[in-house]
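Chains as they are written, first to last, in my numbering: chain A, 1 to 241; chain B, 1 to 282.
Quick caveat, the hints were computed from the structure, so don't treat them as lab data. Owing to the predicted nature of the structure, the values given are computational and were not obtained by experimental measurement. Treat the hints with caution; some may be incorrect.
With a Cα cut of at most 25 Å, we get these calculated DSS-like pairs of lysine-lysine [what the hints assert, rightly or not]:
#1 B/27 x B/121
#2 B/77 x B/164
#3 A/233 x A/200
#4 B/89 x B/164
#5 B/89 x A/58
#6 B/171 x A/233
#7 A/58 x B/102
#8 B/102 x B/89
#9 B/77 x B/89
#10 B/171 x B/89
#11 B/171 x A/58
#12 B/48 x A/188
#13 B/159 x B/109
#14 A/233 x B/16
#15 B/217 x B/164
#16 B/53 x A/233
#17 B/53 x B/77
#18 B/171 x B/53
#19 A/233 x B/164
#20 A/31 x B/48
#21 B/217 x A/31
#22 B/102 x B/77
#23 B/89 x A/31
#24 A/31 x B/102
#25 A/58 x B/109
#26 B/89 x A/233
#27 B/27 x B/16
#28 B/77 x B/121
#29 B/164 x B/102
#30 A/188 x B/53
#31 A/31 x A/233
#32 A/31 x B/77
#33 A/233 x B/27
Some chain B residues judged to face chain A by a derived CB distance under 7 Å, without partners named [said to hold, decoys possible]:
#34 86
#35 161
#36 238
Glycine residues also receive a C-beta, built at the ideal position from the N, C-alpha and C atoms.
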Amino acid sequence: MEYVNPEGLRLDGRRFNEMRQIVAEVGVVSKADGSAVFEMGNTKVIAAVYGPREIQNKSQQKKNDHAVVLCEYSMAQFSTGDRRRQKFDRRSTELSLVIRQTMEACILTELMPHSQIDIFLQVLQADGGTRSACINAATLALADAGIPMRDLAVSCSAGYLNSTPLLDLNYVEDSAGGADVTVGILPKLDKVTLLQMDAKLPMETFETVFALASEGCKAIAERIREVLQENTKQLEYRRAA
Amino acid sequence: MKNLKVELPPLKQTQKVRLERAMELIKSLSSTTNNSVIVADSISVNHKEAFLKGHGTSLIDGDLLTTVCGVVINVDKLVYVRTLRARYKPEVGDIVVGRVIKVAQSHWKVELNSTQDGVLKLSSINMPDSVQVQVGETQRDGSLQLLLARSHKYGKLDKGQLLKVDPYLVKRSNLHFHFIETLVIDLILGRNGFIWVGEHAQAHDPMVVDDENISSKTRQNILRIGNAIRVLSNLGFTVTLEVIMETFNLSNMENIDIHDMVGSEFHVLVTENQAERRRRCA
Numbered sequence: 001m002e003y004v005n006p007e008g009l010r011l012d013g014r015r016f017n018e019m020r021q022i023v024a025e026v027g028v029v030s031k032a033d034g035s036a037v038f039e040m041g042n043t044k045v046i047a048a049v050y051g052p053r054e055i056q057n058k059s060q061q062k063k064n065d066h067a068v069v070l071c072e073y074s075m076a077q078f079s080t081g082d083r084r085r086q087k088f089d090r091r092s093t094e095l096s097l098v099i100r101q102t103m104e105a106c107i108l109t110e111l112m113p114h115s116q117i118d119i120f121l122q123v124l125q126a127d128g129g130t131r132s133a134c135i136n137a138a139t140l141a142l143a144d145a146g147i148p149m150r151d152l153a154v155s156c157s158a159g160y161l162n163s164t165p166l167l168d169l170n171y172v173e174d175s176a177g178g179a180d181v182t183v184g185i186l187p188k189l190d191k192v193t194l195l196q197m198d199a200k201l202p203m204e205t206f207e208t209v210f211a212l213a214s215e216g217c218k219a220i221a222e223r224i225r226e227v228l229q230e231n232t233k234q235l236e237y238r239r240a241a
Numbered sequence: 001m002k003n004l005k006v007e008l009p010p011l012k013q014t015q016k017v018r019l020e021r022a023m024e025l026i027k028s029l030s031s032t033t034n035n036s037v038i039v040a041d042s043i044s045v046n047h048k049e050a051f052l053k054g055h056g057t058s059l060i061d062g063d064l065l066t067t068v069c070g071v072v073i074n075v076d077k078l079v080y081v082r083t084l085r086a087r088y089k090p091e092v093g094d095i096v097v098g099r100v101i102k103v104a105q106s107h108w109k110v111e112l113n114s115t116q117d118g119v120l121k122l123s124s125i126n127m128p129d130s131v132q133v134q135v136g137e138t139q140r141d142g143s144l145q146l147l148l149a150r151s152h153k154y155g156k157l158d159k160g161q162l163l164k165v166d167p168y169l170v171k172r173s174n175l176h177f178h179f180i181e182t183l184v185i186d187l188i189l190g191r192n193g194f195i196w197v198g199e200h201a202q203a204h205d206p207m208v209v210d211d212e213n214i215s216s217k218t219r220q221n222i223l224r225i226g227n228a229i230r231v232l233s234n235l236g237f238t239v240t241l242e243v244i245m246e247t248f249n250l251s252n253m254e255n256i257d258i259h260d261m262v263g264s265e266f267h268v269l270v271t272e273n274q275a276e277r278r279r280r281c282a
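Next comes chain B alone, as it looks inside the complex (with noise of 0.2 Å):
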């Protein structure tokens, strides 16, 4: 809970009630079989057999330490630990929004939140800002090679808000590209943690820059999301799509103001709608 405290604006004591009594709630739903692990914890293994040890662990004198804090996951014969709250590590195919930080003479360098920035040779993009990529290849000194496809849903990214959240908050899934219809939004979740939720951007020529302003209500919009998914990030929920919309849907049903979302009473209902839609699906 001291966690929360930090991150949260100051909350009222019937605030605090409600907000503990919904994490009591989905502490009990989760799942009982507690694997998680601090660094240098022993992981049992069956030594008879052979394992393999993958990340976050290490092998000291015929006993397997943990090397970090986090999950112990045994898949097959392969245990490893899924840390949380450690920076974004790389994987060939993964789509990754980024923010290009420096232009030298072949490449861009670009800002991943992760161990090094990645590097981005590409000569079609003119000005720097947020570039969505996919992550090609991993060269063998460590810097990341970005690739980018030759599609209009890949490239620098206009109009619209870059947010930064834990990378492990967002999951791998078949989509990170989301188009929400109804409020014509682009929402794209990068698996380094980084959300860009923008203007819906039709396919056009990349080389015409499109000065037109955006409307009041999608402005507004673009906002509403941004902050449903800085409240899902403070208290440390998972980011997905269905999520992010329910919670919008929620401060549009309560008639919430847009910045009173970051408030203290949007994240007490916040974490009861999470605890109620867990219930459900328990």
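Okay, chain A solo, but in the shape it has when bound (with noise of 0.2 Å):
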């Protein structure tokens, strides 16, 4: 199948360093500490952060001297074409997993001991790059929970197709059986942070497949910074008496 036309045009009629729409809000929920909700394209992700809080579990409390953070991260049953069977499986699993470890090497821990942060992320709509919105989404809900961070986690997803480096795939480009890197960074302090990728590339290939991604990641973080500032004015203005 072709997924790029002679003329570089993509399925969707993206060029191949060309990302989807991103849509970003802060504050959506209004009960958790800090929320946000993250569109790339169709690909829609809801997150909510709760804490620092007090430790519900005591039997997960190992260190005293960190705050304990806990990811959870489930597809809604209506969020992929086929209704999902079960909400929790080994991807969504696996996929906890991987974003916590991300997150937790951005929060400054070590400044909240004896607590717990909680970040909930439910995937509305499912079209590729989930786990990149959920990163994303993860970020701001934090940065609105006013937690401390090294930096703001930015992600973003690259493939290989027809001897093309593609960016920002879609559920039909990752399907193809191509590679599928995902890529996640703290921009400023221009560190990688989570490095996934599926199928087999060639080293040079795969250098511009993640340079690509790169690029990526830092123009969400412009985007990302944007919604952040208009906030935080926003806030700052209509508290000041």
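Hints in hand, dock the two standalone chains.
Rendered as structure tokens:
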């Protein structure tokens, strides 16, 4: 099947280095300490953060000097075409772990001993790139909750089909069987916190795809910064009396 | 503006226009120096001078970066970031209102909207309920010790309503315990964002359980004040006694039913009122 036509257009009309449209909103779950909705094209994810709060389960408290970060990733049963049978399967467990590790690396847990931070991620619509959308949504939610972080963790994916590196794969492109590289970076500190790949790629191609995904991450970081800046300014001028 | 849409009831087109206009006015009246920052912004500091880095900052590679979203405050040599929507950070001497959530052998656990639950070691309170206490000391392991002063003002709270707002909307002031004489209502603004509105508690023996019912008029007033606070919290305005009373009087003047107070029209009215008020003070 042709994923990139001779003129360089993909199935949805994008070029190889174009991302899908991003919509980001903060403060959507009023009961949570921090929350956000993040959309990349048709993929829509909602994140809610509770914390830092008292540790609920004493058995989880291994280290007394750090905050415990718990993460739960789940896909709504209506999020994909076929109604999902089980909410929590192996993929969800794996993604919960991966996202937890990514966020834990970027939260300054030493500043909040004896507490736990809960990150809940719910995928409302899945069209490829859910793990990236989740990390971006979690970053926004954590910033909204006022939890100290080293930097904003942003994530984007890229793939390789029809001998072309492609940025931000959607579901159809993802299922094509080509490589899918997910990158998570801390833009200001210029560090990589997440790197995952399906399938195989020769080394030079991998470097090209990785560079493309990193560029995508930087663009998302800009957008996230805009949203947070607007939100902070608004809260401040409304409050000041 | 997106923030507002979630917390407010659905607005009609005219109401939206009025609300936006009032918000624009408030925005233009706010101070022009914009120090708001987000995560991982660099704070410009004069490196030649010694400076102290406070909350919300971290020194990475010689650059001072922020770790939270908020406003940068410079006090003498101290540079810190005041957060907006974070949980309550307890300070010694603060007045807080808490909800007792657990009763243990020698102490009570109190929910305070903070990183951890507070610990109340006390033997004079019978039944767990809402309590007004003062933060005593913070123990080394981070848990909070709460102090209960022996006066009728501190202690268990009865016959009223507990409201939860964001902690940053309650400013520190000299007086947190307000007695509204005209309505015979107590209003306690806890620094942790918990607000208590209730019938005035006279000095009485805490062991005697008062079973009298509150009058219907007092009940209505309590609810009206409660809703005024809810509206202010939805709109993100600082909650002080003057503002609450203004909103309360506004709702009475416009003859708005108590349950209509959380409707769209009243939200717009309060915003316009707030804009007027700030313009007068500016």
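Status of each hint after checking the structure:
no., hint, result
1, B/27 x B/121, "46 Å, violated"
2, B/77 x B/164, "35 Å, violated"
3, A/233 x A/200, "45 Å, violated"
4, B/89 x B/164, "16 Å, holds"
5, B/89 x A/58, "23 Å, holds"
6, B/171 x A/233, "19 Å, holds"
7, A/58 x B/102, "15 Å, holds"
8, B/102 x B/89, "21 Å, holds"
9, B/77 x B/89, "22 Å, holds"
10, B/171 x B/89, "13 Å, holds"
11, B/171 x A/58, "34 Å, violated"
12, B/48 x A/188, "24 Å, holds"
13, B/159 x B/109, "22 Å, holds"
14, A/233 x B/16, "20 Å, holds"
15, B/217 x B/164, "24 Å, holds"
16, B/53 x A/233, "23 Å, holds"
17, B/53 x B/77, "8 Å, holds"
18, B/171 x B/53, "23 Å, holds"
19, A/233 x B/164, "23 Å, holds"
20, A/31 x B/48, "45 Å, violated"
21, B/217 x A/31, "31 Å, violated"
22, B/102 x B/77, "43 Å, violated"
23, B/89 x A/31, "19 Å, holds"
24, A/31 x B/102, "22 Å, holds"
25, A/58 x B/109, "15 Å, holds"
26, B/89 x A/233, "22 Å, holds"
27, B/27 x B/16, "16 Å, holds"
28, B/77 x B/121, "39 Å, violated"
29, B/164 x B/102, "19 Å, holds"
30, A/188 x B/53, "20 Å, holds"
31, A/31 x A/233, "21 Å, holds"
32, A/31 x B/77, "37 Å, violated"
33, A/233 x B/27, "9 Å, holds"
34, 86, "3 Å, holds"
35, 161, "18 Å, violated"
36, 238, "4 Å, holds"
Against the hints set out earlier in the document, violations occur for numbers 1, 2, 3, 11, 20, 21, 22, 28, 32, 35.
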